[in-house]
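Undergrad: Sequence:
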Amino acid sequence: MYVCLCRGITDTQIRKAVQSGKSEFRQLKQSLEVGAQCGKCVRMTMEIIAAELDKMEPEQPVLYYEVA
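In our numbering, the protein residues as written are 247 to 314.
Just so you know, the hints here were simulated from the structure itself, not pulled from any lab data. All the given hints hold, so there is nothing to weed out.
With a straight-line Cα cutoff of 20 Å, these simulated EDC-like cross-link-like pairs (lysine to aspartate or glutamate) come out: (1) 301 <-> 270; (2) 268 <-> 279; (3) 268 <-> 300.
This structure is a prediction, so every number in the text was calculated from the model and none was measured.
Using the sequences and the accompanying hints, generate a full structural model.
TA: Following this line, the structure appears as C-alpha cells:
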C-alpha cells in the first residue's frame, strides 16, 4: 500500500527500513524522503514504525510461576 503518494513510498519500504535499523522518523525522512513534501503520510509512517518496533521487541521472560 502506498503511504506517501508524493514520493511513491510503500509500507513495505518503510517496514524494511525499520527492520534494517532505521527506527526513528528522522532517519526514514533522510533515507526515503517520506514526509518531505505535504506531510500527510507522517502519521501513518509513525504507526508503521511503532508496529514494526513492537514486533521486534523480544518477549519478556516469565519471572514467576504458579504454585499449585
